[in-house]
Structures are given as structure tokens and as C-alpha cells.
Amino acid sequence: MLTALDKTFPDPLQFGFVPEHGAIPALYTLKECINVFMKSKSKLYVGFLDNEKAFDKIWHDGLFLKLKEIGVTGKLWNILFMSYKSASAHVQYNGLTSDNFSISQGVGQGRVLSSWLFSLYINDLILQLISTNCGIRIGYLNIPAILLADDTTLLSASPKGLQGLLDCVQTYACKWNKYNGTKVVSWLLIIKQMLTLSLEIQK
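Note that the UniProt record's numbering gives residue 188 to position 188 of the sequence shown, counting from 1, and the numbers run on in steps of one.
Treat the hints with caution; some may be incorrect.
The calculated lysine-lysine pairs, modelled on DSS-like cross-linking and capped at a C-alpha distance of 27 Å, are [what the hints assert, rightly or not]:
id	residue 1	residue 2
1	K175	K66
2	K43	K175
3	K85	K175
4	K160	K39
5	K85	K68
6	K160	K175
7	K75	K85
8	K57	K39
9	K53	K85
10	K68	K160
11	K57	K75
12	K68	K175
Simulated from the structure, these hints should not be mistaken for lab results.
Start from the sequences and build out the full structure, keeping to the hints where you can.
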């Protein structure tokens, strides 16, 4: 399946579900972005987005359209399509069992392909955020956001730019049924001291 993908997946701004990436590299990237703005005594505007029940709310029709767009077709596409379109479940509680009901959305947490499918589903959001040119620029890098799986941090040098990124997310959310618009938090970071991190990882 991976051979069907082009070089835009996964985007380097996605730190989740990627070997040798994760929370610590994402945190250091954010820290360095803040430090760059501190050195230039500039303001940095940050938005934190809540992707509520990210795996459970993936729209199946949208997912299978995106699979076709990256070149996953034929028997492989049909197998994936039928495995989700024919999925059903029931609930057991206190000795009682409900009737079966169809599962019309979501990829199921813990499944082998779930993280890969989720990353694919939101990858084009990163590309759209980059295309707005509303993110911060550090050298030749255009950094509108840092993603750690379903956690998204938007970065801009101005309120207008941050609003442009939020508008992009809203448009994406309306089209692809993602993100909870009632839980968006925006911050203006004014930090007067360089940030250093001392991290410990519990084994």
C-alpha cells in the first residue's frame, strides 16, 4: 500500500505515527519556533485545536475517496472498502445483548491500519494550511502548524494570519467532517526568556 503514496505523505509537520518522531520532537520544534520569535522580539500567535474523537469520526466515504486519490485502487481498495462498509457491532450490558447495528464512521482504535488511515485522512489539511501562506516562516521553511497525531497547533506571526489558518481548518472541517469548532483556543505568546527543556521519559 505504501508504494501508492507520493512524497507528500506523511508531511514532515505530522509528528504522530511516524518512526523516530513523536511528542518530544514535536515539542522541541515548537520550542525552537518560539525561541526564533523571541530573538527577533516578535509576537507569535498560536491556536490549539481539539480533534474530538478523531479515530471514531472519520467519514468513510471521504476516506475511500482519498485512498483512490493516492492510487489505492483495485482489489486492495475493494477489500478495505468492504471491510468497513460491512462492519457491524452490538452492545452487551448486564447480561443483555442489543441488535446488531452498522458502523458508518470511524476506523477503530487499536487496529493495525487505523493510525495510517487517520494520518492519510488529515494529511491534505497540512498541505492546505501550507498553501495559505499564513503560517510562520523560519528561513525557507513554511510552518503553519505542528501536528502530533490528532493534536494540532497552529502558528502565525499575526492575528490575521492565525484567522486565515482557522478559516482553512473550518473549510476543511465542513468538507471532511473533522475538528470541534467549539473547542478552539487561541493564544498570543509573549515570552521574555529563552526556552530550555529538560525532559525525562518514564520507561
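Checked hints:
no., hint, in the structure
1, K175 x K66, "holds, 13 Å"
2, K43 x K175, "violated, 32 Å"
3, K85 x K175, "holds, 20 Å"
4, K160 x K39, "holds, 22 Å"
5, K85 x K68, "holds, 16 Å"
6, K160 x K175, "holds, 23 Å"
7, K75 x K85, "holds, 15 Å"
8, K57 x K39, "violated, 41 Å"
9, K53 x K85, "holds, 20 Å"
10, K68 x K160, "violated, 35 Å"
11, K57 x K75, "holds, 25 Å"
12, K68 x K175, "holds, 17 Å"
Of the hints listed earlier, those the structure fails to meet are numbers 2, 8, 10, in rising order.
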